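Okay, here's what each chain looks like letter by letter:
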Amino acid sequence: MSRFLIKRPLPHGGRLVERVVRDPERAKKMIKGCPTYDIQPTLHYETGVPVRNVYREIMSICYGFFSPVEGSMCQAEVERILKERRLLNEWIFPYPLVFDISKEDYKKLGVGSGDRLVLNLKGKPFAILDIEEVWEISDTEELAHKTFGTPEDNPEVVRERFNKKHPGWVIYKSLNPIVLAGKYTIINEPVFRPPFDRFWYPPRKAREEFDKRGWRTVINHQTRNVPHVGHEFLMKNAAFTGDLEPCHGILVNAIIGVKRRGDYPDEAICEGHEAVNTGGYIKNSRHLPTICLWDMRYGNPLESLLHGIIRQNMGCTHHMFGRDHAAVGEYYDKWSTQILWNEGIPSFGFDAPPTDVPYGLEIRPQNMREFSFCPTCKEMAYSETCGHEREKLSGSFLRGMVAQGVQPPSIIMRPEVFKVVVKWWKHFGYPFCNEKYVINKEKELEVDLKDL
Amino acid sequence: MADYFIDVLLDENRMAKLKGTGLEDNIKYRFAGELKLVEVHVSEETKNKVLETFDTARTDSRNAITDVPVAFLRELFNQVAEKKSLGDDVVEAVLAKSDEIKELAAKESEFLPAPEID
Numbered sequence: 001m002s003r004f005l006i007k008r009p010l011p012h013g014g015r016l017v018e019r020v021v022r023d024p025e026r027a028k029k030m031i032k033g034c035p036t037y038d039i040q041p042t043l044h045y046e047t048g049v050p051v052r053n054v055y056r057e058i059m060s061i062c063y064g065f066f067s068p069v070e071g072s073m074c075q076a077e078v079e080r081i082l083k084e085r086r087l088l089n090e091w092i093f094p095y096p097l098v099f100d101i102s103k104e105d106y107k108k109l110g111v112g113s114g115d116r117l118v119l120n121l122k123g124k125p126f127a128i129l130d131i132e133e134v135w136e137i138s139d140t141e142e143l144a145h146k147t148f149g150t151p152e153d154n155p156e157v158v159r160e161r162f163n164k165k166h167p168g169w170v171i172y173k174s175l176n177p178i179v180l181a182g183k184y185t186i187i188n189e190p191v192f193r194p195p196f197d198r199f200w201y202p203p204r205k206a207r208e209e210f211d212k213r214g215w216r217t218v219i220n221h222q223t224r225n226v227p228h229v230g231h232e233f234l235m236k237n238a239a240f241t242g243d244l245e246p247c248h249g250i251l252v253n254a255i256i257g258v259k260r261r262g263d264y265p266d267e268a269i270c271e272g273h274e275a276v277n278t279g280g281y282i283k284n285s286r287h288l289p290t291i292c293l294w295d296m297r298y299g300n301p302l303e304s305l306l307h308g309i310i311r312q313n314m315g316c317t318h319h320m321f322g323r324d325h326a327a328v329g330e331y332y333d334k335w336s337t338q339i340l341w342n343e344g345i346p347s348f349g350f351d352a353p354p355t356d357v358p359y360g361l362e363i364r365p366q367n368m369r370e371f372s373f374c375p376t377c378k379e380m381a382y383s384e385t386c387g388h389e390r391e392k393l394s395g396s397f398l399r400g401m402v403a404q405g406v407q408p409p410s411i412i413m414r415p416e417v418f419k420v421v422v423k424w425w426k427h428f429g430y431p432f433c434n435e436k437y438v439i440n441k442e443k444e445l446e447v448d449l450k451d452l
Numbered sequence: 001m002a003d004y005f006i007d008v009l010l011d012e013n014r015m016a017k018l019k020g021t022g023l024e025d026n027i028k029y030r031f032a033g034e035l036k037l038v039e040v041h042v043s044e045e046t047k048n049k050v051l052e053t054f055d056t057a058r059t060d061s062r063n064a065i066t067d068v069p070v071a072f073l074r075e076l077f078n079q080v081a082e083k084k085s086l087g088d089d090v091v092e093a094v095l096a097k098s099d100e101i102k103e104l105a106a107k108e109s110e111f112l113p114a115p116e117i118d
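One line per chain: the protein sequences are A and B, in this order.
Mapping of the first sequence onto full-length UniProt numbering: residues 1 to 452, in sequence order.
Mapping of the second sequence onto full-length UniProt numbering: residues 1 to 118, in sequence order.
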């Protein structure tokens with residue numbers, strides 16, 4: 001076998017976390033006599049609009065997307081993450097993940113360390129939390145600043161102090177003060193609603209699917225957007241990385257969760273990516289659109305670290321990163337993700353890239369610049385190879401066009417993709433996420449639960 | 001000083017309205033000529049006003065102001081045609097109607113008619 005062959009990496013942390021009980025009788029026994037708590041969405045500290053739902057974190061943790069994380073984090077773990085972006089077991093991880101409740105609810109529940117709490121979703125038992133520690137967040141605003149960094153503490157990449165215009169900062173600022181830390185276990189597997197059901201490939205299933213398809217090397221495309229042709233070219237060209245031959249597969253992994261007003265609905269995002277392969281622009285046999293549940297924090301370099309972890313756990317060998325990866329506004333340097341993966345960011349605890357530090361990642365970054373239309377070449381062209389002046393593609397420019405009811409030229413958005421946008425536009429009465437969509441979605445969620 | 005701008009898309013109807021205004025020379029043909037538009041140029045100060053007035057508004061990687069309400073873009077075109085200008089003055093005129101635009105934007109954030117496509 002050639003020494004150039006790249007092998008599929010092990011899950012982050014060495015083993016895939018799977019904390020799902022599939023036997024209903026066992027599940028019933030596990031929850032008998034335990035106190036219950038109805039999961040509620042985290043509400044924006046000013047507007048009261050949902051900004052996060054911890055059920056998504058529980059799903060992603062228990063199905064192994066965030067391996068080796070197994071639950072809500074204790075205080076020491078959160079403090080270590082904020083300082084060094086490492087878990088207590090040394091493996092790198094970017095964000096604090098906590099199960100937070102109000103002081104009133106905590107009092108009412110009367111639970112403590114050693115207790116088991118049943119977490120209900122939509123009125124039905126969904127998961128358990130085995131409480132190991134109860135701790136209090138002293139200042140959520142400080143937590144929010146430490147989570148994303150500040151220009152003073154992280155001058156390499158943070159350009160602007162985070163504020164309420166940043167959705168991720170708002171999530172941490174809006175947390176309840178009491179944290180119940182401990183491991184989660186799903187005891188009643190949710191059933192995904194269409195169209196999400198056909199995109200659900202948790203890490204074990206994704207790895208099995210890669211085997212089935214004969215994919216040894218797989219490059220991931222991170223998305224929270226309906227694809228335009230620039231995205232398509234990014235995928236196609238990044239796929240030429242690999243080892244002896246281009247990557248066997250392109251995994252599209254869409255982040256599904258609470259989003260900003262103005263983003264496309266999650267349904268349109270999933271089906272929009274699917275339309276790229278059903279339309280033949282990327283062969284179905286080389287392309288797999290999937291989802292991961294997570295309320296985006298828009299943490300640019302830190303978010304890219306989480307994305308690397310998720311996709312390594314899913315079995316990808318490569319991950320493409322572009323400009324302003326998972327960013328909003330101008331809080332971070334627009335290339336900060338690539339700075340992290342190229343050289344590290346010492347103030348975040350990385351003196352070297354996350355692939356070159358102990359207990360780091362094995363997934364390989366493919367740092368890409370930009371694709372845009374070149375009127376001289378008369379095709380989509382790469383910024384680093386095309387010598388002409390190009391016409392930049394911007395997602396928000398496209399959204400403006402869509403909102404005005406103008407069908408984007410096929411040279412920038414495939415008609416099959418636009419059809420999907422219009423399909424869900426008709427369904428929701430609006431082409432993007434609006435307040436109504438966000439509120440309804442949090443009521444309905446992506447899943448239904450069976451009786452236990 | 002950064003040069004910010006707002007794209008104003010032109011369909012046949014809008015093209016007709018610009019005819020004879022002297023703005024025809026400013027029409028840009030994008031993406032192999034499939035898209036026609038004019039760019040309204042905006043100072044840093046006016047850009048900040050737009051971002052402050054409309055909470056969804058932001059600038060993208062091209063320095064374009066995006067994610068403004070559709071009502072804003074409609075009024076922007078009206079002002080371009082009326083003032084025969086592509087400068088700050090048209091955006092200032094739109095901002096002067098911001099209360100009206102916000103009212104329309106609130107309605108449009110509930111419902112926008114979808115285009116009929118094949």
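Careful: at least some of the hints might be erroneous.
[What the hints assert, rightly or not] What follows is a list of derived Cβ distance ranges for each label pair: (1) B:N78 to A:P415: 46 to 56 Å; (2) B:T21 to A:D139: 27 to 37 Å; (3) B:M15 to A:N120: 36 to 46 Å; (4) A:E384 to B:K28: 20 to 30 Å; (5) A:T150 to B:D11: 28 to 38 Å; (6) B:N78 to A:D211: 37 to 47 Å.
[As the list claims (entries may be wrong)] The calculated lysine-lysine pairs, modelled on DSBU-like cross-linking and capped at a C-alpha distance of 30 Å, are: (7) B:K107 to A:K378; (8) A:K212 to B:K83; (9) A:K32 to A:K443; (10) B:K83 to A:K378; (11) A:K426 to B:K36; (12) B:K107 to B:K36; (13) A:K436 to B:K97; (14) A:K103 to A:K28; (15) B:K84 to A:K164; (16) A:K334 to B:K49; (17) A:K32 to A:K392; (18) A:K165 to A:K32; (19) B:K83 to A:K164; (20) A:K165 to B:K97; (21) B:K102 to A:K423; (22) B:K28 to A:K419; (23) A:K436 to B:K107; (24) B:K19 to A:K392; (25) B:K97 to B:K36; (26) B:K107 to A:K165; (27) B:K107 to A:K423; (28) B:K36 to A:K378; (29) A:K334 to B:K28; (30) A:K436 to A:K423; (31) A:K103 to A:K124; (32) B:K97 to A:K164; (33) A:K378 to A:K7; (34) B:K83 to A:K29; (35) A:K423 to B:K36.
Because the hints were derived from the structure by calculation, they are not lab data.
This one's a predicted model, so the numbers in the text were calculated from it and none came from an experiment.
The C-beta atom is built at its ideal place from N, Cα and C for all residues, glycine as well.
Hints versus structure:
At about 30 Å, the CB distance of B:N78 to A:P415 disagrees with the hint of 46 to 56 Å. Between B:T21 and A:D139 the CB atoms are about 57 Å apart, so this pair departs from the stated range of 27 to 37 Å. Under the hint 36 to 46 Å, the C-beta atoms of B:M15 and A:N120, about 58 Å apart, miss the expected range. The supplied range of 20 to 30 Å is met by A:E384 and B:K28, whose beta-carbon atoms lie about 25 Å from each other.
The beta-carbon spacing between A:T150 and B:D11, approximately 46 Å, falls outside the hinted interval of 28 to 38 Å. One distance hint, 37 to 47 Å for the beta-carbon pair B:N78 and A:D211, is violated here, with the actual separation near 59 Å. Between B:K107 and A:K378, the direct Cα distance comes to roughly 40 Å. Violation of the 30 Å bound is thereby established for this hinted pair. Of the pairs offered as hints, the one joining A:K212 and B:K83 is violated, with about 63 Å between alpha carbons and a cut-off of 30 Å exceeded.
Restraint check for A:K32 and A:K443: satisfied, since their Cα atoms lie roughly 27 Å apart, inside the 30 Å limit. Restraint check for B:K83 and A:K378: the C-alpha separation of about 35 Å exceeds 30 Å, so the hint is violated. Distance check on the hinted pair: A:K426 and B:K36 sit about 26 Å apart at the alpha-carbon level, within 30 Å; holds. A C-alpha spacing of about 28 Å is found between B:K107 and B:K36, which places the hinted pair at or below 30 Å, so the restraint holds.
Only pairs whose Cα atoms come within 30 Å are accepted, and A:K436 paired with B:K97 is accepted, the gap being roughly 26 Å. For the given pair, A:K103 sits about 29 Å from A:K28 by alpha-carbon distance, which is consistent with the 30 Å threshold. Distance hint between B:K84 and A:K164 is unfulfilled; the C-alpha atoms sit about 38 Å from each other, more than 30 Å. The suggested pairing of A:K334 with B:K49 holds, with an alpha-carbon distance near 24 Å, which does not exceed 30 Å.
The suggested pairing of A:K32 with A:K392 is violated, with an alpha-carbon distance near 59 Å, which exceeds 30 Å. Proximity of A:K165 to A:K32 is assessed by CA-CA distance (about 44 Å); at most 30 Å being required, the pair is judged violated. The straight-line distance between the Cα atoms of B:K83 and A:K164 is roughly 37 Å, outside the 30 Å bound, and the hint therefore fails. For the suggested pair A:K165 and B:K97, the alpha carbons sit about 24 Å apart, so the restraint of at most 30 Å is met.
Restraint check for B:K102 and A:K423: the C-alpha separation of about 27 Å stays at or below 30 Å, so the hint holds. At roughly 27 Å between alpha-carbon atoms, B:K28 and A:K419 fall within 30 Å of each other, so this suggested pair holds. For the proposed pair A:K436 and B:K107, the alpha carbon gap of about 12 Å is at most 30 Å, so the pair holds. At most 30 Å may separate the alpha-carbon atoms for a hinted pair to count; B:K19 and A:K392 meet this at roughly 27 Å.
Pair hint B:K97 plus B:K36 holds up; C-alpha atoms about 26 Å apart against a cutoff of 30 Å. A hinted pair counts as satisfied when its Cα atoms are at most 30 Å apart, and B:K107 with A:K165 qualifies at roughly 22 Å. Proposed proximity of B:K107 and A:K423 is supported: the alpha carbons are some 21 Å apart, at most 30 Å. Annotation: proposed proximity of B:K36 to A:K378 holds, straight-line Cα distance about 17 Å (limit 30 Å).
For a cut-off of 30 Å, the pair hint linking A:K334 to B:K28 stands: about 28 Å separates their Cα positions. Distance restraint check for A:K436 and A:K423: the Cα-Cα separation of roughly 18 Å lies within the 30 Å cut-off, and the hinted pair is therefore satisfied. Between the alpha carbons of A:K103 and A:K124 the distance comes to roughly 23 Å, so the proposed pair stays at or under 30 Å and holds. Annotation: proposed proximity of B:K97 to A:K164 holds, straight-line Cα distance about 26 Å (limit 30 Å).
Under the criterion of a C-alpha separation no larger than 30 Å, the hint pairing A:K378 with A:K7 is inconsistent with the structure, at around 38 Å. Note on B:K83 and A:K29: the hinted pairing is violated, with a Cα-Cα distance of about 75 Å set against a maximum of 30 Å. At most 30 Å may separate the alpha-carbon atoms for a hinted pair to count; A:K423 and B:K36 meet this at roughly 26 Å.
Checked against the numbered hints given earlier, the structure breaks hints 1, 2, 3, 5, 6, 7, 8, 10, 15, 17, 18, 19, 33 and 34 and satisfies all the rest.
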